[in-house]
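Engineer: Sequence:
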Amino acid sequence: MEIDIVIVPEGKGKDIVYSISSIQVPNVVTQGNSIEQAKLRLKEALELYFEEAPKEKQALIMIEQEENAPMISRMLL
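Quick note: the sequence shown, position 34, residue 34 per my numbering, numbers continuous.
If you are wondering where the hints come from, they were derived from the structure by calculation, not from laboratory data. A hint or two may mislead.
[What the hints assert, rightly or not] Simulated crosslink set (DSSO-like; lysine-lysine; CA at most 27 Å straight-line):
hint, residue 1, residue 2
1, Lys55, Lys14
2, Lys43, Lys57
3, Lys57, Lys39
4, Lys12, Lys39
5, Lys55, Lys39
6, Lys14, Lys39
7, Lys43, Lys55
Just so we're clear, the structure is a prediction, and the values are computed from it rather than from any experiment.
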């Protein structure tokens, strides 16, 4: 399953951390000292979340399989 993520750098210089969350599961948020660490921590957090909420995971899989699934994009104003 693929998910869309949002990564937000916080702080400056050596104190920077990266907050990360998923658009599909916005109530699961974590952070890391690098983008890769943040992604790994989010993956672990989502796995734990879906263990406790398997119906939520199934719902996301069903949306992913739909032909008219929502799309995420960006545009310049």
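Engineer: Take the hints in turn and mark each one as holding or not.
Structural biologist: Consistency of the hints with the structure:
1. The hinted pair formed by Lys55 and Lys14 fails the criterion: a straight-line CA distance of about 40 Å is larger than 27 Å.
2. Straight-line distance between C-alpha atoms of Lys43 and Lys57 comes to about 13 Å, which keeps the hinted pair within the 27 Å bound.
3. Straight-line distance between C-alpha atoms of Lys57 and Lys39 comes to about 18 Å, which keeps the hinted pair within the 27 Å bound.
4. Between Lys12 and Lys39, the direct Cα distance comes to roughly 20 Å. Compliance with the 27 Å bound is thereby established for this hinted pair.
5. Of the pairs offered as hints, the one joining Lys55 and Lys39 holds, with about 23 Å between alpha carbons and a cut-off of 27 Å not exceeded.
6. Between Lys14 and Lys39 the CA atoms are separated by roughly 19 Å; this keeps the pair inside 27 Å, and the hint holds.
7. Distance restraint check for Lys43 and Lys55: the Cα-Cα separation of roughly 18 Å lies within the 27 Å cut-off, and the hinted pair is therefore satisfied.
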